[in-house]
Structures are given as structure tokens and as C-alpha cells.
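Q: This is what each chain is made of:
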Amino acid sequence: MGKIEDLETINGEGYQLTTLDKAIALARANSVWPLPFATSCCGIEFMATMGSAYDLSRFGMERMSFTPRQADLLIVAGTISKKLGPVLKRVYEQMAEPKWVLSVGACACSGGIFDTYSVLQGIDRIIPVDVYVPGCPPRPEQIIEGVMNIHELVKKESNRRRYSEEYKHLMDTYQIDIDQHGEAK
Amino acid sequence: MEKQNNQEYLTAIQAAFGADVLAHEEAFGMLNVELTPARIHDAIAWLQQHQDLSVNYLTNIAGIHYPESEGREFAVVYQLHSWKNNLRLRIKGYLPKDNLHIASITDLFAGANWMERETYDFFGIIFDGHPDLRRILNMDDMDYFPMRKEYVLEDATREDKDDRFFGRNNNEL
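Going down the list, the protein sequences come from chains Z and E. Heads up, the first sequence is in this note's numbering, so the first residue is 1 and it goes up one at a time. Heads up, the second sequence is in this note's numbering, so the first residue is 1 and it goes up one at a time.
Only chain Z is shown next, with the shape it has when bound in the complex (with noise of 0.2 Å):
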């Protein structure tokens, strides 16, 4: 969570100045919507989570979108199936961009226990991942934690890093489709 405090400025009598970069990133990392995509019992972590107890309101997340239009950051828990994996890589690019993607658990991360023909071995197959939290299943604060980690990749991310050749490399890889504004086509 970010603090204006913490923001780094240049100080003036009468102005305060900083880079356009880091004041949107700011307010970018005080302001994720979180897409949950909960398949499994790392789904019900997530519901306690977001429950009262430990309030993922309180990183800026109140709202929960469950479209992925509206979603920046897509938070995957539980068990992939290969039969699901086409309808996960659909969500994604439906998402606008800026994007961030919170693989929860030992499924999403690795396929977990699931060492079987009809589940996807890890969603970084078909997806790009920034962070990821292991546990079967991780408890809260492992997910709050993940959470944090995104809040520090979003205040250090460049507003032009999804127009970059590598940002496109990256994409190339999962092939994915992007425009010039680094949106899947």
C-alpha cells in the first residue's frame, strides 16, 4: 500500500514536484481491482481474505470485479483443468491493460498434487504470472502478502512499460495477440 508520504518529490516553497510515472503508479497501486478467479479450496482462502477478518479492503481492494473489463489484477486460486485453461487465457485478455496476474496456491502455480493428464501443470503455461503464492492452500496472510508484492511491482512499473518490444516479446511467448497499446487483440 502506497503512502503519499513515501512518494518521492522534490520540495519548493509553494510546489512539490514528481514524476507523472510515480504518481500514477501510486494511485494505480492504492486502486487494484482485484478479478478473483477461484476454482478450488484456495477460492475459500481467498473468501477469508476478503472476508472481515482480514479485510483485503483495506489494500485498496473494497471492490471485487467480477468482469474482467474492469479488472486490473487477476488473481487465480485453485486448480487449473487443460479443459479450463482456454476460458482462464480468454478472461485475461479481456482484461485492459495495465494488468497484473496473482497465481494463489500450489495448483495454479505448478498444478500442485494434480500430476495428472486433465490438469494444466502450472498457469504460467498459458498465462504470464508476476507473482506467485505458494501453500496448499496458503493461509490469508500468505495471500495478503502476494497481494503486497503486486502493490510493489505496480508502483514501480513504468507507464510505458506495456508499450515496450520486450512487454510484446513477452506476450509473443504466450501468444498472445497485442496492439500498439499493449491491448490483446
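Wrong hints could be hidden among the right ones.
What follows is a set of in silico ranges between Cβ atoms, one per label pair, in the way DEER data are often shown [as the list claims (entries may be wrong)]:
| # | chain 1 | residue 1 | chain 2 | residue 2 | range |
| --- | --- | --- | --- | --- | --- |
| 1 | Z | 40 | E | 134 | 18 to 28 Å |
| 2 | Z | 40 | E | 79 | 24 to 34 Å |
| 3 | E | 139 | Z | 40 | 12 to 22 Å |
| 4 | Z | 40 | E | 28 | 25 to 35 Å |
| 5 | E | 86 | Z | 114 | 30 to 40 Å |
| 6 | Z | 53 | E | 72 | 49 to 59 Å |
| 7 | E | 148 | Z | 114 | 13 to 23 Å |
| 8 | E | 139 | Z | 164 | 32 to 42 Å |
| 9 | Z | 174 | E | 134 | 20 to 30 Å |
| 10 | E | 107 | Z | 33 | 44 to 54 Å |
| 11 | Z | 179 | E | 148 | 41 to 51 Å |
| 12 | Z | 57 | E | 66 | 54 to 64 Å |
| 13 | Z | 179 | E | 83 | 58 to 68 Å |
DMTMM-like cross-link-like pairs, simulated, lysine to aspartate or glutamate; straight-line CA separation at most 25 Å [what the hints assert, rightly or not]:
| # | chain 1 | residue 1 | chain 2 | residue 2 |
| --- | --- | --- | --- | --- |
| 14 | Z | 83 | E | 141 |
| 15 | Z | 82 | E | 132 |
| 16 | Z | 156 | Z | 97 |
| 17 | Z | 156 | Z | 179 |
| 18 | Z | 82 | Z | 130 |
| 19 | Z | 82 | E | 150 |
| 20 | Z | 82 | E | 143 |
| 21 | Z | 83 | E | 132 |
| 22 | Z | 82 | E | 140 |
| 23 | Z | 83 | E | 143 |
| 24 | Z | 156 | Z | 124 |
| 25 | Z | 168 | Z | 130 |
| 26 | Z | 89 | E | 143 |
| 27 | Z | 155 | Z | 124 |
| 28 | E | 97 | E | 132 |
Rather than coming from a laboratory, the hints here were simulated on the basis of the structure. Because the structure is a prediction, the values reported are computed rather than measured. For glycine and all other residues, C-beta sits at the position ideal for the given N, C-alpha and C.
For chain Z, the structure is supplied; the task is to place chain E on it using the hints.
A: Chain E in isolation, oriented as in the chain Z frame:
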């Protein structure tokens, strides 16, 4: 009308289907009847319409693979239930591996539709007369029937698994 028991069911089935009743047993209080696969559709229809037996509910359809038993490698198992008599019974049909055809019972029980698709999906048993026999749980482009007992437990050539995380390839870690 008194409620019917297993013995009365068996007697009635044997009387109606005679030589097509290949075997029968009572397992854990439940009647099991093995029938000629070609007659199973008629037998279930007959059971469903019978005034006294009144087998009105299809609980489940499943497949079994017995790779060692030659000529009867695959079994299709129908679990049926009569609400009137509160009695369950199992109808089995054995198929050879080179002719996995059996008549669909979707015309008798609409609920058989997905059960037969599942049995096809996992065992490759073809239900003739099914309106839409395609995979239901697995990916559409899967080219094998995963519940058959004909695969090695773990395929060393698999590429969709990162072995480093599972302690199988220790020199890489």
C-alpha cells in the same frame, strides 16, 4: 401390492429374458444381473414399464475396464432404482474391446445423456443412438480414453510437467 424383493426381481427378469441373463449375484444386498449387451436397452425399457417392478430412476451409468479378461474387456454398468419398491439393482453388460457398441438408453431416461457421454469420454464406449456423443469432461482435442487401464503409471516422456519441482530430476536442482 407387497413390496418386491431382490429374489422376485431376479425371477421376473429371468422369466422375461431367459437365456440373455448370463450371470447374477447379490453383492452387499444389491442385485447384480449380467445381460447380453444387445438386450440391455430392451431389458431396461421393460423394467421401466413393468407395473410391479417399476424401475423408474436411473442412478448412474459407468464403465469398467478389465484388460485381462479376453473378449469381455469392457463393462457398462447401469445402476437403477425403483422408488415404488425402494430397491436398487445393477445391470451389467460386457463388451469385447474391438466392438465397443451398445444401444443408448437416452430414449428411456433423458438423464442418461450426460452419463453416456462421460462413459464415452473416459472409456471410449460408443452408445448407438445417442443424440450428441462427444466428450463432456475432458478437452475436446484429447485423443485417448484416460480411464482405460492401458497406460503406464507415469510417462517419462511427458513434457507438460516440470520435473524439477517434484524431485524427479535431482541433478537439475
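Q: For the pair supplied as a hint, residue 83 (chain Z) and residue 132 (chain E), is the alpha-carbon distance within the 25 Å limit?
A: This hinted pair holds, its Cα atoms lying about 19 Å apart.
Q: With respect to the beta-carbon atoms only, verify the hint that residue 139 (chain E) and residue 164 (chain Z) lie 32 to 42 Å apart.
A: Holds: the Cβ-Cβ distance is about 34 Å, inside 32 to 42 Å.
Q: Measure nothing beyond the straight line between the CA atoms of residue 97 (chain E) and residue 132 (chain E); if it is 25 Å or shorter, mark the hint as holding.
A: Distance of about 22 Å is within 25 Å: holds.
Q: Decide if the proposed pair is consistent with the structure: residue 168 (chain Z) and residue 130 (chain Z), CA atoms, cutoff 25 Å inclusive.
A: 16 Å, holds
Q: The hint says 25 to 35 Å between residue 40 (chain Z) and residue 28 (chain E); measuring C-beta to C-beta, is that right?
A: 32 Å, holds
Q: Taking the Cβ atom of residue 107 (chain E) and the Cβ atom of residue 33 (chain Z), is their distance within the range 44 to 54 Å?
A: 50 Å, holds
Q: Mind checking the hinted window 41 to 51 Å against the Cβ distance between residue 179 (chain Z) and residue 148 (chain E)?
A: 46 Å, holds
Q: Next pair to validate is residue 82 (chain Z) with residue 130 (chain Z); report whether the Cα-Cα distance is within 25 Å.
A: 21 Å, holds
Q: Looking only at beta-carbon atoms, does the pair residue 86 (chain E), residue 114 (chain Z) fall within the given range of 30 to 40 Å?
A: About 39 Å separates the Cβ atoms of residue 86 (chain E) and residue 114 (chain Z), which means 30 to 40 Å holds.
Q: Holds or violated: 49 to 59 Å for the Cβ distance of residue 53 (chain Z) and residue 72 (chain E)?
A: Given about 57 Å between the Cβ atoms, the range holds.
Q: Does the structure keep residue 82 (chain Z) and residue 132 (chain E) at a Cα separation of 25 Å or less?
A: 22 Å, holds
Q: Range hint 13 to 23 Å: satisfied by the CB atoms of residue 148 (chain E) and residue 114 (chain Z)?
A: Check passed, 19 Å falls within 13 to 23 Å.
Every hint, counting from the list given before, is met by this structure.
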